[in-house]
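K.L.:
From first to last, the protein sequence lines are chains A and B. Those letters in the first sequence? Residues -15 to 410, by this note's numbering. Those letters in the second sequence? Residues 90 to 208, by this note's numbering.
It should be emphasised that the hints constitute simulated quantities derived from the structure, not laboratory data. One should not assume that every hint holds.
Chain A side only, calculated, beta carbon under 10 Å to chain B, not exhaustive [stated by the list, open to error]: (1) P34; (2) A175; (3) D364.
Where is the CB? At the ideal position from N, CA and C, for every residue including glycine.
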Amino acid sequence: MRIALVTTFPPGGGSLNEYAFHVVRSLRQKPEVSEVLLLVDELPAGQSYPPDDETPGLAPLRYRPCWRFETLGNALRIRRMVRQLQPDALLFNIQFASFGRGKLAGALGLAAPLLAKTLGLPVVVLLHNLMDTVDLKSAGFTGNPLVERVIRAAGTLATRLLLRADLVAVTMPKYVELLEGRYGATNAILAPHGAFDEGVLPPTFELPPGPLRILTFGKFGTYKKVDTLIEAFQLLAKRSADPLELVIAGTDSPNTPGYLASVQERYNHVAGLRFTGYVPEEAVAPLFHEAAMVVIPYTSTTGSSGVLHQAGRSGRAVVLPRLGDLADLIAEEGYSGVFFEPENAWSLAEAMAKLIDDPTYRQELAQRNYAAARGLPMSDVVDWYLLHFQTLLHQRAPAPAIAQPDVALAKPQVALTKPQSAQSRK
Amino acid sequence: MHITHRTEGDVQILTLHGRFDAYEAPQLLGWFNRMLPEGEPRMVVNLGEVPFIDTSGLAALVSGMKQCRQRRGDLRLCCFQQPVRIILELTRMNRAFELFEAEVEAINTPWGQHEHHVR
Chain A
-15 MRIALVTTFP PGGGSLNEYA FHVVRSLRQK PEVSEVLLLV DELPAGQSYP
35 PDDETPGLAP LRYRPCWRFE TLGNALRIRR MVRQLQPDAL LFNIQFASFG
85 RGKLAGALGL AAPLLAKTLG LPVVVLLHNL MDTVDLKSAG FTGNPLVERV
135 IRAAGTLATR LLLRADLVAV TMPKYVELLE GRYGATNAIL APHGAFDEGV
185 LPPTFELPPG PLRILTFGKF GTYKKVDTLI EAFQLLAKRS ADPLELVIAG
235 TDSPNTPGYL ASVQERYNHV AGLRFTGYVP EEAVAPLFHE AAMVVIPYTS
285 TTGSSGVLHQ AGRSGRAVVL PRLGDLADLI AEEGYSGVFF EPENAWSLAE
335 AMAKLIDDPT YRQELAQRNY AAARGLPMSD VVDWYLLHFQ TLLHQRAPAP
385 AIAQPDVALA KPQVALTKPQ SAQSRK
Chain B
90 MHITHRTEGD VQILTLHGRF DAYEAPQLLG WFNRMLPEGE PRMVVNLGEV
140 PFIDTSGLAA LVSGMKQCRQ RRGDLRLCCF QQPVRIILEL TRMNRAFELF
190 EAEVEAINTP WGQHEHHVR
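Chain B with its partners taken away, still in its complex shape:
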């Protein structure tokens, strides 16, 4: 798997390419630990080129989302191949993340609508 990164306004967009499993998950976790922007991070992770994700991959996304929300930002997911959609549904993480069919929608839907109260 490899990760490409770009910025649109104040939104960081990560596109993941390839299989996303336990072996690859540390790469994304490392990105979150090193590169998460200051302030209230607004992240979109595009999974359109991910043909397979396992629970370790999903856990890495949860970790990133947790870091964003703890800083009053958010992490959104977009563009899903069927195996990815299935695991999101099986784990019910489709209710925990904000999911969008298209990247443009994930970027442009107003951010900061939600009250994220951090202790």
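Okay, chain A solo, but in the shape it has when bound:
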């Protein structure tokens, strides 16, 4: 299969260039891909793409610059290039401002999938954001409500143009539901984002020498409070034969200045208590790696937690409050933890004790969280796109008697029920 990809690509500095790099690296390794054609943006004067790459064992990679950021004719130019190259399938790796921050250039560029589709080949758009969910003010587009309404209307039109592709892939289930609910889309699909760090070694799940460390991390004082945690730590320390340390890492919430200082003063008699203060970015991962468990001592929550994701990346077990649908939310993301009743020191101490008393269980939770945080390898994500292309190609096949090259994985018949609406999925 000859695949063309409309994207930015290194050394070009446009957004999504790094993502494209990882997609292309995986695509070239797939036996069913015979050539990768990069329909990239033209670089500024003095810069150029490397020569085409024909490394043996990989699908050849050819650079075909054919569009330019902030210009109006990109959709037509891309279509012309696709017609000239005649790939078997076309993938767009884009977001709403891929073709220009200027409203006209940006919107016209998004007509490229529709125009390319008129050439008859399967067109899939990987759309990294939705205009409907972009905060235009913080994204730097406008602060003017009238202008915002105009941009939103243009965004709606552009979304409808994009939905004329065979498939529009988005990386979050709620985006699929939004496209189905607001636009009546029947061709929006969920495609995992994929993980870049395929070569990175997993963390060790063994504990470092020294006292067994319990870590909490965040900006404290509002709904993240450490008082109950310290009370629970004291209960735990009384019954534990091994030395324990409670590490409270982070600063006051901007809304509660002085909170941590007051806690520190109140509990200065507690042995094994350490306040780190602000933790610079480069010190965050080592801090998590040193911990036996991570406690998330929230008293209320609005959704999943960045601390939970960091604990997962570091391969650490977590202790969480039983709040609202937090347990369901984190389970949907593949995480697991031990739960406690919010603001109940006995319950929290018991939850932490479970992980201290059963190292095998602690390691299992740590590995489960690491697996959830790692995400799907890009190679698997690329398999999904190839499968979608092969299914689309198969649907276009003129007659069953003619052997269609490169449709090895296509499934010719569909069973199961009619797809449900976003509402009925809830």
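Given the coordinates of chain A, assemble chain B onto it according to the supplied hints.
P.N.:
Leaving out everything else, chain B in the frame of chain A:
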């Protein structure tokens, strides 16, 4: 999650039991790598006892299906709880796999009807 395996004629039937997520996916991938039969593998994966599947679980099934089809066989899925049905639809993998409501149907629907052309 645990996996049970049985054979009916030349069809291998895998039944998955329990949550099927990123942590559990390597178990199924390992099965495919070690146990996929010689020749043209005909596999049915019964998901009736899977209450939840995430994209990593689905990716493991895609990998198995890919291995089967590359050897001119196939991998079929059957029996779905609602959360599993939803993710198959959200990802549109319901169009890539052959899906059956009942295991007996997945086993007995004629195999080898499809032209799987491998390069």
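K.L.:
Each hint: holds or not?
P.N.:
A quick look at each hint next to the structure:
1. P34: 28 Å, violated
2. A175: Cβ of A175/A sits 7 Å from chain B, so the hint holds.
3. D364: 4 Å, holds
In this structure, the one hint that does not hold is number 1.
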